[in-house]
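What follows is the residue order along each chain.
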Amino acid sequence: MPRTILDVHIIQSVPPSNINRDDTGSPKTAIYGGRRRARVSSQAWKRATRKAFPAHLDTSELGKRTRQVVEVLATEITRQAPALDGRAAELATEVLTAIGIKTKAARKDGALPESEFLLFLSHRQIESLAELAVTAATEAGSGKVSINKQEAKTRADREHSVDIALFGRMVASATDLNVEAAVQVAHALSVHAVDNEYDYFTAVDDNKENNDDEDAGAGMIGTVEFNSSTLYRYAALDVDALCENLGDATATVRAAEAFTRAFITSMPTGKQNTFANRTLPDAVLLVVRQRQPINLVGAFEEVVADDAEHGRVHTAIGKLAEHARDLHAAFDETPVAAWTFGIGEKKIAPLAELATHTTFEPAVRAVGELLGQRLAATS
Amino acid sequence: MSCLLLRLAAPLQSWGTSSRFTRRNTDRAPSRSGVLGLLAAATGRRRTDPLEELLELRIGVRIEQPGQLERDFQTARSLDGQTSMPLSYRFYLADAVFAVAVYGPDPLLETLTQALRAPAFPLFLGRRSCPPAGVLLHGVHDGDVAQVLADAPWLASKWVQKQHRAPTVTLDTVADCPATEARAELVRDEPISFDPRHRQYAWRSVLKTPVTIPNPMHRSPMPTAAQAGGGHDPMAFFEEPF
Numbered sequence: 001m002p003r004t005i006l007d008v009h010i011i012q013s014v015p016p017s018n019i020n021r022d023d024t025g026s027p028k029t030a031i032y033g034g035r036r037r038a039r040v041s042s043q044a045w046k047r048a049t050r051k052a053f054p055a056h057l058d059t060s061e062l063g064k065r066t067r068q069v070v071e072v073l074a075t076e077i078t079r080q081a082p083a084l085d086g087r088a089a090e091l092a093t094e095v096l097t098a099i100g101i102k103t104k105a106a107r108k109d110g111a112l113p114e115s116e117f118l119l120f121l122s123h124r125q126i127e128s129l130a131e132l133a134v135t136a137a138t139e140a141g142s143g144k145v146s147i148n149k150q151e152a153k154t155r156a157d158r159e160h161s162v163d164i165a166l167f168g169r170m171v172a173s174a175t176d177l178n179v180e181a182a183v184q185v186a187h188a189l190s191v192h193a194v195d196n197e198y199d200y201f202t203a204v205d206d207n208k209e210n211n212d213d214e215d216a217g218a219g220m221i222g223t224v225e226f227n228s229s230t231l232y233r234y235a236a237l238d239v240d241a242l243c244e245n246l247g248d249a250t251a252t253v254r255a256a257e258a259f260t261r262a263f264i265t266s267m268p269t270g271k272q273n274t275f276a277n278r279t280l281p282d283a284v285l286l287v288v289r290q291r292q293p294i295n296l297v298g299a300f301e302e303v304v305a306d307d308a309e310h311g312r313v314h315t316a317i318g319k320l321a322e323h324a325r326d327l328h329a330a331f332d333e334t335p336v337a338a339w340t341f342g343i344g345e346k347k348i349a350p351l352a353e354l355a356t357h358t359t360f361e362p363a364v365r366a367v368g369e370l371l372g373q374r375l376a377a378t379s
Numbered sequence: 001m002s003c004l005l006l007r008l009a010a011p012l013q014s015w016g017t018s019s020r021f022t023r024r025n026t027d028r029a030p031s032r033s034g035v036l037g038l039l040a041a042a043t044g045r046r047r048t049d050p051l052e053e054l055l056e057l058r059i060g061v062r063i064e065q066p067g068q069l070e071r072d073f074q075t076a077r078s079l080d081g082q083t084s085m086p087l088s089y090r091f092y093l094a095d096a097v098f099a100v101a102v103y104g105p106d107p108l109l110e111t112l113t114q115a116l117r118a119p120a121f122p123l124f125l126g127r128r129s130c131p132p133a134g135v136l137l138h139g140v141h142d143g144d145v146a147q148v149l150a151d152a153p154w155l156a157s158k159w160v161q162k163q164h165r166a167p168t169v170t171l172d173t174v175a176d177c178p179a180t181e182a183r184a185e186l187v188r189d190e191p192i193s194f195d196p197r198h199r200q201y202a203w204r205s206v207l208k209t210p211v212t213i214p215n216p217m218h219r220s221p222m223p224t225a226a227q228a229g230g231g232h233d234p235m236a237f238f239e240e241p242f
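Top to bottom, those sequences are chains A and B. Here UniProt numbering is used: the first residue of the first sequence is 1, the next is one more, and so on. Here UniProt numbering is used: the first residue of the second sequence is 1, the next is one more, and so on.
Isolated chain B, as found in the complex (with noise of 0.2 Å):
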């Protein structure tokens, strides 16, 4: 068993877990269903499809970037324009990069390895209107959840790692948990049936970890010209490595 390790990042992104009617939510992170059935989707598995093995898949998620919330105001009428539809919001996840550890049997792992690389459907994250933007795939890693999220390289975009002076970053984990784990929190978000007659989902539980790893655009500060025995150089503030 190892883990296969997913880059989640596109302009928009969009998670529900809670969402009803007119009001679409997004949760702060991929969601187990939303995952799962991206990877359906990519095996070719149809709405009505059974889950089979997919459920067995243990599923943590590392936010390297939570990104913005972004509310959409959506109208909607008929092609005729005769009947207004009911007001919707729509939330999205807007400039988030997530990391999604896959864990399962090698057989499966490698074969969502090769429906990923030609997805048997489009994939969305979360939402048709949001293609995943980048790259998708980062490789089957040995390790449970836990230990691949804490080794992982950070994968938040460039303009982000920049941004983030210090030499480390602690970037929240949510990932699959046993029921009896004492800090475990329950969310519905266990697919047993995408079939749109009878969607139906069933409790999960998830534990939220803190891991901290380097910041691989770190640089440590360069010694000043005065230090390095030169004179004083006004401008080496400014070549500072980006």
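Bound conformation, chain A alone (with noise of 0.2 Å):
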């Protein structure tokens, strides 16, 4: 079976700023290639693209807006338990009933019982709805069925929403609730080397200034621990998993659009009203392929210097274009289609090489079309 898979790459500079800070305040780091490296989490960047997802995407588009869930549910009865056919209608309404939903005889002869109101569910709320029904019936045997109307509602509310199908869902406690995440993180590290450094403040007190022996001194002092960097940013997307998650093709492109928008534009809040260090991506490199996900943070194993020609943006451009194409030829990678768009014709050059140049409007929707496309080939 064809595989779909999406990476994005992002190369992007930040001013002074502590985005992500452990507990001692300081921002985070790691070591790689044997330096020191300005790290974000992959947690940070994931809670920042979820917060941005209302932006760029309307929920009300995935699942099924439907009527006629009756029929929707006996269907699913019917495929997770074939032997309760017959009775898979009646179950179904039984279902409805637990949470709540009434159901009315259809306008079109023959037809089963429609809700009175247009009633949305996501694929994976069907599923589990369906599985209760068919778990009752058959404690039940021949006897009357009863279903949990406490357990139906949590089935019904539980929200398969997108970013739980993107990014998962663990719960210890009630793993059923678990949701296997699409996407795949990974820390935003530096290109280049970095040390910690420290921004001594005085605060002062405003009202304090009325007696000078008494009131000498500041309000208050601090540090605070910064750096500034040129993080890689990258990010996989399973699309074919997604897929699965949401259960249906055009959500899956929905979805897969908004998180690459959402993704590419956010950034996590830590000490943003302190620095202000709000930025946009520098380059982005969209890939489509086919195989396996592919991971370019090798490129940077080796630091980008500090006196790089022409600044370390130009150069991490470079290095990751150069690396990109070394890994290609020696894993005999062909990608399915690739986009790249950026700031600087000149800079963007050498990942234009390997990608189709743009902007990021037209990538993005070129991308969600390649993977319609490629679901609607599969399925």
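FYI, nobody ran anything at the bench for these hints, they're computed from the structure. All values derive from a computational prediction rather than experimental measurement. A couple of the hints might just be wrong.
[As the list claims (entries may be wrong)] Label pairs and their in silico Cβ distance ranges:
1. Ala376/A - Asp151/B: 48 to 54 Å
2. Asp80/B - Glu244/A: 25 to 31 Å
3. Asn196/A - Arg188/B: 34 to 40 Å
4. Ala118/B - Ser146/A: 32 to 38 Å
5. Val204/A - Leu87/B: 54 to 60 Å
6. Gly81/B - Thr279/A: 19 to 25 Å
7. Asp85/A - Ser84/B: 47 to 53 Å
8. Thr66/A - Gly81/B: 32 to 38 Å
Where a beta carbon is used, it is the ideal one built from N, C-alpha and C, also for glycine.
Each of the two chains sits in its own frame; use the hints to bring them together as a complex.
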């Protein structure tokens, strides 16, 4: 079966900042290639991405919005337990009643009852509700089927929203609620070596200036630790896994586009008001692959020198493109398609040799279109 | 029977065998359960699927480049920001490189090679946020785990090899061994099931042994200009190849 994977590679500079700090207030770091690097944890950037979703996605697009819920549920019950075929419609109605959804006869003759209003159910919710009906029917045997109202409601309430489909969910106490994440986000690492610096600050007490002798000195003194860095950010989206979690190709394409937009443009909010460090990427490379995601961090195992010619962004883009080319050649890897965009024709030129040079929106839409085609071909 | 040789490298990896609750440790070398989990993911097994013939594989790890322990402090909140989860500490091995020999029947190794070339699920080194970097597959080699780990070239990063001045390097290996072996250590690292509803691990005996292999970056010192018959050349020192 052909696979579809989307790699996102980003080079992004941030000015003095403390985007993601540890329990002592220091910006997070890690050693790589023998040198200390600035680090922003994957969790921090995933949260920023999730928070950015509402701006990029109409969640009502995802799942099944229908009045024919009895039919949808009955089909799923039959799929899970073919033996229950004859009772599926009755069981589906039972479940819906337990949730508190009234059904009425369909207008069309011979059709199954419909709900009074349009109902939005995600693929997973349908699955899980059907499962409840099957279990109840099995337990009851030939007796009267009783469906636990509370349980049914919980299952219907449980929103397998896009962010859960993308980032997964772990619930240790109720493992049936677990969802395997479709996206893999690496910790962002600086492409160069960093030393954290300290900002010593004093805060003036505005009301203390009346008496010079008594009120001498600052109201408060302290230090804030910071660094400035050019980060390599990487995420891989397993499109097939996302489609499985969401259960719908259209929803998958929308979710993939929303993820791409949100991941590229979001930034964790740590010390944002202190440093106003919000930037956009210098360069983005989007690659659709069919074998496996490829992390290009190896390009930066050797640090970009502080005195790099034309600056470290320029050098980092060159290294990224070179490493991608070398890895592709070594592994006979041919990406299905790739797009790149960024600041400055000249700067982005090395990536433009590997990928179609375009801008943000057309790139995301081109990715979406290709993913749609590939999903349609596999289903 | 032969060995599949893998190189596990990434800025961060994490291999816990005793992680519980809010403190997620890492061992200093990849765990058997971690490596089998990686192979299982490559072949498309889900967490609930039986591990079958993977459990027959013998695994040995050689520490090419030990890396550094990195502690990551993590806070978590619900998406609406109302509820705070417990603070947690996650430990990573930063900048580490490992050679892993996977010993088993040839047809199975062939299947694994294909699977690792086009893995069913994206691979990661112990934690999802740790995707592998660089070349993972290093071929299938004749011999058992001990032999392959004794013969494989040093797979550390170039900069580590350059820093190591001696002509040979001594690396630690950690390999499966019979429980009857006198120097065996026990770790709870034999996966029985990755099913999140009843994750199960049994005890595993491992044997730690050092091996000494050549350093590929070692160059015997060049004869100085004076020895070579020329005059004094103060720059000769800098011309030592790297």
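Results of checking the hints against the structure:
Hint check: Ala376/A to Asp151/B, Cβ distance near 49 Å, so the stated range 48 to 54 Å holds. Between Asp80/B and Glu244/A the CB atoms are about 27 Å apart, so this pair conforms to the stated range of 25 to 31 Å. The hinted window of 34 to 40 Å between Asn196/A and Arg188/B holds, with their beta carbons roughly 38 Å apart. Against the hinted window of 32 to 38 Å, the Cβ-Cβ separation of Ala118/B and Ser146/A comes to about 48 Å, which falls outside the hint.
For the hinted restraint 54 to 60 Å between Val204/A and Leu87/B, the CB-CB distance of approximately 34 Å leaves it violated. Evaluation of the 19 to 25 Å hint for Gly81/B and Thr279/A yields a pass: the beta carbon distance comes to about 24 Å. Taken as a hint, the range 47 to 53 Å holds for the pair Asp85/A and Ser84/B, whose Cβ atoms sit roughly 48 Å apart. With their beta carbons about 34 Å apart, Thr66/A and Gly81/B fall inside the hinted range of 32 to 38 Å.
In the structure shown, a violation is registered for the earlier hints numbered 4 and 5, in ascending order.
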